[in-house]
Amino acid sequence: AQSVTQPDARVTVSEGASLQLRCKYSYSGTPYLFWYVQYPRQGLQLLLKYYSGDPVVQGVNGFEAEFIKSNSSFHLRKASVHWSDSAVYFCAVSAGNAGAKLTFGGGTRLTVRP
Amino acid sequence: EAAVTQSPRNKVAVTGGKVTLSCNQTNNHNNMYWYRQDTGHGLRLIHYSYGAGSTEKGDIPDGYKASRPSQENFSLILELATPSQTSVYFCASGDTGGNTLYFGAGTRLSVL
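Protein chains in written order, with the working numbering: chain A, 1 to 114; chain G, 1001 to 1112.
Don't read these hints as lab results, they were simulated from the structure.
Keep in mind the model is a prediction, meaning the values are calculated, not measured.
Some hints could be false.
Simulated pairs of lysine-lysine, BS3-like, Cα-Cα distance not exceeding 27 Å [unchecked claim]:
1) G/Lys1057 with A/Lys101
2) A/Lys49 with G/Lys1057
3) A/Lys101 with G/Lys1065
4) A/Lys24 with A/Lys101
Part of the chain G face toward chain A, derived, beta carbon under 10 Å [what the hints assert, rightly or not]:
5) Tyr1033
6) Asp1059
7) Arg1108
Partial list, computed: chain A residues near chain G (C-beta under 10 Å) [said to hold, decoys possible]:
8) Tyr32
9) Gln42
10) Lys49
11) Tyr51
12) Ser94
Even for Gly, the Cβ is constructed at its ideal location relative to N, Cα and C.
Isolated chain A, as found in the complex:
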């Protein structure tokens, strides 16, 4: 079975500061990894995904994530946050085969102070 842990339920940073949101996954095979963002009263939107190749993947709005297999981690980073980045961020894992189910972490609520 696969699982995802996001150890920080809430993170608060000041505008312009750097950001790291942590994600640890559990899966015995080679995972497909995702970060989604949810703005207030909206559905989830894909930020970025990792299937294979370069372990650092770039996403929308300046976000990036690094796959570290030895640590079973896929942390999300941004060099300089903006107040509009305030949202809930979800990490997810999939087995990658056709029709595989996506398993989500509990989410991290990010608040950016102006």
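Since chain A is already given, all that's left is putting chain G on it; use the hints.
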């Protein structure tokens, strides 16, 4: 232009009543999913479908049924709603290749 549309957006139901949540997608994706979102639990998979006529149980299927009458439509049915089913429900579609999911805006259900 929203590709995954859920209805209703908000619903108040009585305990023991029947509730149907509807989802329509224009992505022409084979796979569709129903998740519920609760604080502290993230999103949990209830039912999913690989195509018209197919439904599969997810991780928390008890108390829910699903119906996929066509490629575009996927419904979630609560035959006997209970207060524990108060939640926000999300529908998503995905293609068979990349596992990327596209979500609707959600349905907020309150069972009183």
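Violated hints - listed by number, lowest first: Those not satisfied: there are none.
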